[in-house]
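Asker: Mind docking chain B on chain A? Use the hints.
2 protein chains.
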Amino acid sequence: MAEGVLFDRLCLLGTGLIGSSIARVARARGDLARTVVAHAKTPATLDRVRELGIADVVEADPAAAVRGADCVVFCIPVGAYAEVGAQVAPHLAPGAIVTDVGSTKASVVRDLAPLMPAGVHLVPAHPMAGTEYSGPDAGFAELFQGRYCIVTPLPGSDPAAVEAVAELWRRCGSMIETLDPATHDKIVAIVSHLPHLLAFTICSTADDLAEETKEAVLKFAATGFRDFTRIAASDPTMWRDVFLNNREALLEMLARFTEDAQALGRAVRWGQAEYIEDRIRRGRKIRRGLIERKQA
Amino acid sequence: MAEGVLFDRLCLLGTGLIGSSIARVARARGDLARTVVAHAKTPATLDRVRELGIADVVEADPAAAVRGADCVVFCIPVGAYAEVGAQVAPHLAPGAIVTDVGSTKASVVRDLAPLMPAGVHLVPAHPMAGTEYSGPDAGFAELFQGRYCIVTPLPGSDPAAVEAVAELWRRCGSMIETLDPATHDKIVAIVSHLPHLLAFTICSTADDLAEETKEAVLKFAATGFRDFTRIAASDPTMWRDVFLNNREALLEMLARFTEDAQALGRAVRWGQAEYIEDRIRRGRKIRRGLIERKQA
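Chains as they are written, first to last, in the numbering used here: chain A, 1 to 296; chain B, 1 to 296.
If you're looking for bench data, these hints aren't it; they were derived computationally from the structure.
This structure is a prediction, so every number in the text was calculated from the model and none was measured.
Please note that the accuracy of each hint is not assured.
All copies of an identical chain are treated as equivalent in the list; a pair is satisfied when it fits inside any one copy or across any two copies.
Dumping the calculated DSS-like pairs for lysine-lysine here, alpha-carbon to alpha-carbon at most 27 angstroms [to be verified]: (1) Lys219 to Lys41; (2) Lys285 to Lys219; (3) Lys41 to Lys285.
Isolated chain A (complex conformation) (with noise of 0.2 angstroms):
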C-alpha cells in the first residue's frame, strides 16, 4: 500500500493539535486522501480551520462530517468518543474505517466498539507526539515524524483495515508499533499520564504556597521547575478526560510511584546517603537508554 492516495474521503473529527496536524501533513503530501473533510465543535474553531486553509471541507455537523468517508478520526478528547460516537455512527459509511487518536485505548474500545455498525473496521490508534500547545494554530506538519504511533487492533480486526491505519501514520513520519490496549494504557501511565499529574500536581502545590512565596517560585523558576510547567501547560479537558480513562493503570502506578518518592524521602530524613545516589543513578540509566535509542 505503498503507492497511490490513501483514502478517498478522510474526516477529521476535531481539529486541534493532532487533527490539524493531519490535515497539514495530508495538505504537504497530497497522498493520504483525496479529500479532507475537518469537523470541530466550536464555530470559532471552524472560522479557524477555514482560514487556515487545511482542509477541503469544514464541517459543523459530525454526521454529515463522516458522510461517504472511507476512514473517520476521532481527534477529540477521549470524553467525548462516546457521545460524539453515538450522534455519527448511523451515518458512517458501509466498509468505513474508524480510528482515533486518543491517549487512552481500553476506553475507545469500551465507548466505540458497540456503536459500530457491522462492516464498519474498528482500529483504534495512539500517536505518541504531542506539544504543550493546543488548537488549530498549534498543528505542524512534521509533528509525528520521528515518533512512535501505537495501533491496537481488536480481536478479529480486518487486517486490511489495519495496514490502512499503519499506512496513514506511516505517511505522517511515525514509526508503528502494535500492542493490546491493557498493556498499552499500563506503558502510557508511566510513560506520559504520571508525569503529567506529578507536573500539575507541583504547579498547583507552588500554587498554593504562600502568596510572598509564590512571587519568589516565578522570579526564582530554575531549569527543573520550568519543565514541569511546560508539561503542565496541556490543554486541561483533554489531560482530564485521560486520567479520567485511563483511572486503574494511573493510580497503581501514582501508588507505585508514591511508595518510592516517600522511601527517599525518609532517605533524605535519616541521611542515608547511599540510598539516595542509588535512586539518582537509576534515573541516569534510564536516560542513557533513551539517549540510545534517539528519543532523549
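Answerer: Structure of chain B alone, referenced to chain A:
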C-alpha cells in the same frame, strides 16, 4: 565598581559545570580577575582543565590554591564544604572574600562561617543556572546570562564584600537578588530540589517495572517522561548533597506535594472532573506567570 578588574587573584575551588563556566567568563571578559586559579580534586580533572586552558594556574592542593587570593569561590558539592573549608581556612589571605555557588545556603553558613578567620568575608551566593551535564567540559561562558543569582549575606557582612560578589555575578550576566539563607532554602526546595527528587523517583519507579515493561518505557518515552529523564540525568553527588543539606525544607515541600498528589489521585478514582480540571488550570496559571517574566 562597574569599571576595572574586579579581583587580583580569583580562586575557583572546583571546576565542574559551574566552576569551569566562571573560568570561561573570566577568560572571555578579562575583567573578573588578573589571575584565575583553578583547583580540582582528581588528577583527571586537573589535567583536563590544563588542556582546556581556562585557568592561569591549576593547583591540586586546595590550601595552595587559596593562598594570596582576594576572592575564593567554593564550586564543589555542598557536602564537601566543611572538609575543604577546614583545609583552606588557615591559608586564606587577610581581607579575602569567600563565596560559593551551592544550591543550599543555611548549610553553607553552618559549615563555613565558624571556620572563617577574622577579617575574611563570607558572602554565600547561588547562581540559578545549570544543565544536566557535569564536569569541566560541560561549562560555557553564557551559562549565567539572564539568570538570577541569589546572594545571601550574613548579618553584619561587609557591604563592600557583598557588592563585590554581586558585581562578579553581574559580570557573568546574572540578575542579583538578596535573600536570607532560610528563605532561599525554602524557595529552592519547591522550584528546584523537589522537582529533581520527583524526576529521580519517577525514573527509578520506571526502572523497577518488570523487564518487559521497562523496555517499553524506553521505547515509548513520550514528551513528558523525556523531560523528567533530562532532569534526572544531573550529577548524583551534587544532588545527594543538596538533598541532605536542605533536609527540612525539602521534606516539608515533599509532604505538601504528596498530600496534593494523593488528593488528585482520589479525584481520579472518584471521577471528580471539576476538581481535576481546576488543578490542571492552576498549572497553566503558573506557566503564564513564567512566560510574563520571560523565565519560561
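Asker: Against each hint, give a clear statement of whether it holds in the structure.
Answerer: So, going through the hints one by one against the coordinates:
no. : hint             : result
1   : Lys219 to Lys41  : neither (38 angstroms within a copy, 34 angstroms between copies)
2   : Lys285 to Lys219 : between (32 angstroms within a copy, 14 angstroms between copies)
3   : Lys41 to Lys285  : between (44 angstroms within a copy, 25 angstroms between copies)
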